[in-house]
Amino acid sequence: MQAKFINFLFEIREGLAISFGAIRANKMRSTLTTLGVIIGIVSVTLMGTAIEGISRAFNENISRIGTDVLYIQKHAWFDNDAWWKMRNRKDIAMKEFYAIERNSTYATLICPTVFTAKNVKFQNNTAQNIIVIGSNEFYPEISGTEIQYGRDFTSDEVLGGRPVTIIGFEVADKIFHNQNPLGQLMSIGGFTFRVVGVFKEQGKFLGLASLDNRLLVPIQSFFPRWGSKRGINISVKMKSMENLEETKEELRGILRKSRNVPPTKEDDFAINQQDLFIKAFSSVGFVVGGIGLFITALSLFVGAIGIMNIMFVSVKERTREIGIRKSIGAKRRTILFQFLIESATLSLLGGLIGIAISFPLSLLINQFLPTSMPISIVIVAIILSIIVGIISGIIPALRASRLDPVEALRYE
Amino acid sequence: MLVIDIQQLSKRYSMGDQTVNALEEVSLKINKNEYVAIMGPSGSGKSTLMNVIGCLDTPTSGLYNFNNVNVSQMNDNQLAEIRNRQIGFVFQTFNLLARSNALHNVELPLIYAGKNKSERIELAKNALRQVNLENRMLHKPNELSGGQRQRVAIARALVTNPSIILADEPTGNLDTKTGEEIMMLFEELHKKGNTIILVTHEEYIAEHANRIIRLRDGKIEQDEKVEKRILYNN
Numbered sequence: 012m013q014a015k016f017i018n019f020l021f022e023i024r025e026g027l028a029i030s031f032g033a034i035r036a037n038k039m040r041s042t043l044t045t046l047g048v049i050i051g052i053v054s055v056t057l058m059g060t061a062i063e064g065i066s067r068a069f070n071e072n073i074s075r076i077g078t079d080v081l082y083i084q085k086h087a088w089f090d091n092d093a094w095w096k097m098r099n100r101k102d103i104a105m106k107e108f109y110a111i112e113r114n115s116t117y118a119t120l121i122c123p124t125v126f127t128a129k130n131v132k133f134q135n136n137t138a139q140n141i142i143v144i145g146s147n148e149f150y151p152e153i154s155g156t157e158i159q160y161g162r163d164f165t166s167d168e169v170l171g172g173r174p175v176t177i178i179g180f181e182v183a184d185k186i187f188h189n190q191n192p193l194g195q196l197m198s199i200g201g202f203t204f205r206v207v208g209v210f211k212e213q214g215k216f217l218g219l220a221s222l223d224n225r226l227l228v229p230i231q232s233f234f235p236r237w238g239s240k241r242g243i244n245i246s247v248k249m250k251s252m253e254n255l256e257e258t259k260e261e262l263r264g265i266l267r268k269s270r271n272v273p274p275t276k277e278d279d280f281a282i283n284q285q286d287l288f289i290k291a292f293s294s295v296g297f298v299v300g301g302i303g304l305f306i307t308a309l310s311l312f313v314g315a316i317g318i319m320n321i322m323f324v325s326v327k328e329r330t331r332e333i334g335i336r337k338s339i340g341a342k343r344r345t346i347l348f349q350f351l352i353e354s355a356t357l358s359l360l361g362g363l364i365g366i367a368i369s370f371p372l373s374l375l376i377n378q379f380l381p382t383s384m385p386i387s388i389v390i391v392a393i394i395l396s397i398i399v400g401i402i403s404g405i406i407p408a409l410r411a412s413r414l415d416p417v418e419a420l421r422y423e
Numbered sequence: 054m055l056v057i058d059i060q061q062l063s064k065r066y067s068m069g070d071q072t073v074n075a076l077e078e079v080s081l082k083i084n085k086n087e088y089v090a091i092m093g094p095s096g097s098g099k100s101t102l103m104n105v106i107g108c109l110d111t112p113t114s115g116l117y118n119f120n121n122v123n124v125s126q127m128n129d130n131q132l133a134e135i136r137n138r139q140i141g142f143v144f145q146t147f148n149l150l151a152r153s154n155a156l157h158n159v160e161l162p163l164i165y166a167g168k169n170k171s172e173r174i175e176l177a178k179n180a181l182r183q184v185n186l187e188n189r190m191l192h193k194p195n196e197l198s199g200g201q202r203q204r205v206a207i208a209r210a211l212v213t214n215p216s217i218i219l220a221d222e223p224t225g226n227l228d229t230k231t232g233e234e235i236m237m238l239f240e241e242l243h244k245k246g247n248t249i250i251l252v253t254h255e256e257y258i259a260e261h262a263n264r265i266i267r268l269r270d271g272k273i274e275q276d277e278k279v280e281k282r283i284l285y286n287n
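Listed in order, the protein sequences are those of chains A and B. Just so you know, we're using my numbering here: the first sequence kicks off at 12 and counts up by one. Just so you know, we're using my numbering here: the second sequence kicks off at 54 and counts up by one.
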């Protein structure tokens with residue numbers, strides 16, 4: 012048994028040597044043959060890289076918001092067909108925030124948010140279109156944004172509408188350069204605010220929109236300056252996920268009452284949840300994966316046919332060689348493995364070329380998504396190309412192994 | 054000692070709706086260390102007989118005992134093993150692997166026999182030494198002359214120390230002088246105790262053997278022991 016196994020290893024080594032010889036002898040033909048496999052492997056590795064990037068972006072950006080936060084907004088997040096209906100809804104107002112604050116038993120933290128975009132200025136440095144968020148002292152915790160320097164607002168500053176601000180990393184960088192922003196007075200849309208904190212650098216959301224290009228002010232200082240008629244959003248952090256349904260029901264009740272929704276009418280507001288986003292998000296992953304899988308399968312199929320074709324040619328060309336090998340004692344199995352190894356090597360060559368091509372392309376993806384080609388996808392690509400090679404080699408190899416030695420030796 | 058024992062062996066092919074009797078009821082015994090020439094015009098069945106003796110082909114009927122083992126009913130793999138261990142082929146067209154050097158060509162039967170690397174190299178070098186090609190062993194076939202190629206093929210046939218060496222027109226592609234050199238080599242191998250079966254249609258090549266079997270129309274026409282008419286005094 013052991014001797015047979017060792018014998019088998021010799022045959023595999025011999026098979027590898029023969030395949031390298033054969034491929035080297037037909038470089039051009041071999042490379043062209045593997046084109047389908049190359050495209051397939053490029054597609055599978057890029058798809059894998061993109062999916063990896065999407066999920067990493069997801070983990071870096073979205074998951075820190077926390078699954079236990081509900082968002083009360085005029086619009087539902089993923090309900091496109093009724094969007095025009097939601098347009099005419101009443102804005103969410105501070106009244107609702109107070110109602111929740113007063114009545115909710117399931118909420119631990121509640122914060123109202125309101126947005127606008129303003130130009131900011133410090134000394135001679137200006138930055139355009141900075142997102143100004145009006146909220147309360149719970150905003151950093153609920154949004155998962157850490158304060159790196161300085162401090163959060165106090166509740167007195169929020170209630171009293173003090174002109175204080177916590178600025179994003181990019182804002183600090185743009186207008187304060189190397190100076191320490193803490194305690195400095197800066198202009199936001201023409202009004203003077205004192206910087207009390209700087210947010211930690213957040214990076215880009217899904218690699219696109221910067222999260223550092225914004226600043227936070229107390230909501231009571233926002234309204235008098237930029238209008239109290241603006242609609243707000245309310246973020247509610249739950250006590251625990253176990254009470255999700257109860258929390259939602261309670262919030263619905265409070266909101267309907269506060270907004271005077273008659274019992275016969277539908278809600279004129281939406282309670283959004285992060286998992287809606289997760290669902291939409293994973294469907295993006297599915298689409299990318301689906302398209303990638305389709306292209307991969309198609310090109311690997313074409314690649315397999317190409318390899319099968321060239322293996323038939325190779326078997327035909329080497330009929331005499333097969334006869335010689337058989338006459339000096341090669342068994343059917345030996346010939347079978349020889350050609351299987353050859354087709355697997357050929358396909359693997361395509362796979363390696365594919366990886367070599369997609370690696371620089373993955374660096375391009377890296378410009379949009381925080382990713383690099385995962386080693387697991389490289390391993391998958393290698394295994395996949397070997398499997399394609401073996402499958403497409405089976406029929407030609409079987410044909411070779413069954414050649415009659417007498418006929419094969421006579422072949423010219 | 055009996056190496057080959059063939060009894061009433063027939064081989065039939067069907068060509069379209071016709072049946073060709075390539076061999077008809079052939080009986081033949083060959084002992085160890087015999088030097089036999091099989092002769093006959095083309096179409097006489099000598100190639101078929103050689104293929105059957107060489108276990109490349111199986112008979113339609115009859116019995117073929119090789120070293121007292123019945124090989125007439127063996128399957129492909131068993132026949133491959135017999136060819137690998139017991140039979141050394143030498144062909145008219147040399148049949149070397151073009152991309153491999155002489156050493157690797159000679160090593161090949163040992164790879165299929167499952168010998169380890171160091172043993173293979175040693176045996177292959179030894180076989181090449183016997184055919185005086187030790188200094189050319191890293192050359193590929195296209196870098197060798199016809200005679201040298203045939204000597205590589207003979208070394209390949211020898212390397213597994215087979216029971217018989219089966220040579221099919223070994224001088225057919227060589228000039229007379231080189232052919233003579235190859236025949237001298239067979240002579241030497243015969244003296245060392247090898248059993249040699251030579252298939253040829255050239256009278257002067259057959260004269261090297263000490264038994265000539267003549268085939269005609271798939272039957273043995275004549276089987277005679279002959280005095281060696283060609284002797285080398287080296």
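No lab work stands behind these hints, which were simulated from the structure alone. Treat the hints with caution; some may be incorrect.
Claimed, not checked - Subject to a maximum C-alpha distance of 30 Å in a straight line, what follows is the list of computed DSSO-like cross-link-like pairs (lysine-lysine):
| # | chain 1 | residue 1 | chain 2 | residue 2 |
| --- | --- | --- | --- | --- |
| 1 | A | Lys259 | A | Lys248 |
| 2 | A | Lys101 | A | Lys132 |
| 3 | A | Lys101 | A | Lys268 |
| 4 | B | Lys278 | A | Lys327 |
| 5 | B | Lys244 | A | Lys38 |
| 6 | A | Lys106 | A | Lys96 |
| 7 | B | Lys278 | B | Lys244 |
| 8 | A | Lys15 | B | Lys244 |
| 9 | A | Lys276 | A | Lys259 |
| 10 | B | Lys170 | A | Lys15 |
| 11 | A | Lys327 | A | Lys85 |
| 12 | A | Lys85 | A | Lys248 |
As the list claims (entries may be wrong) - Reference listing, derived: stretches of chain A covered by chain B, where coverage requires no fewer than 3 residues with Cβ under 8 Å from a Cβ of chain B:
| # | segment |
| --- | --- |
| 13 | 257-264 |
| 14 | 343-355 |
| 15 | 363-374 |
As the list claims (entries may be wrong) - So, partial list: chain B residues that the calculated Cβ filter (under 10 Å) puts toward chain A:
| # | residue |
| --- | --- |
| 16 | Arg65 |
| 17 | Ile140 |
| 18 | His157 |
| 19 | Leu161 |
| 20 | Ile164 |
| 21 | Arg209 |
| 22 | Tyr257 |
Every residue gets a Cβ at the ideal spot worked out from N, C-alpha and C, and that includes glycine.
Hints versus structure:
1. Lys259/A to Lys248/A: holds (11 Å)
2. Lys101/A to Lys132/A: Roughly 34 Å separates the two Cα atoms, so the pair is violated.
3. Lys101/A to Lys268/A: Given that 30 Å is the threshold and the Cα spacing comes to 14 Å, the pair holds.
4. Lys278/B to Lys327/A: violated (44 Å)
5. Lys244/B to Lys38/A: violated (48 Å)
6. Lys106/A to Lys96/A: holds (22 Å)
7. Lys278/B to Lys244/B: Holds, at about 17 Å.
8. Lys15/A to Lys244/B: violated (35 Å)
9. Lys276/A to Lys259/A: Given that 30 Å is the threshold and the Cα spacing comes to 18 Å, the pair holds.
10. Lys170/B to Lys15/A: Given that 30 Å is the threshold and the Cα spacing comes to 15 Å, the pair holds.
11. Lys327/A to Lys85/A: The given pair, whose Cα atoms are some 72 Å apart, is violated under the 30 Å limit.
12. Lys85/A to Lys248/A: holds (18 Å)
13. 257-264: Check failed, 0 qualifying residues.
14. 343-355: holds (count 3)
15. 363-374: Per the Cβ count (0), the hint is violated.
16. Arg65: This interface hint is violated because 15 Å lies over the 10 Å limit.
17. Ile140: holds (9 Å)
18. His157: Hint holds; His157/B Cβ to chain A Cβ min 9 Å, cut 10 Å.
19. Leu161: At 6 Å from the nearest chain A Cβ, Leu161/B passes the 10 Å test, so the hint holds.
20. Ile164: holds (5 Å)
21. Arg209: holds (7 Å)
22. Tyr257: It is violated, given that the least Cβ distance between Tyr257/B and chain A is near 26 Å, above 10 Å.
Consistency with the previously given hints fails for numbers 2, 4, 5, 8, 11, 13, 15, 16, 22, ordered from lowest to highest.
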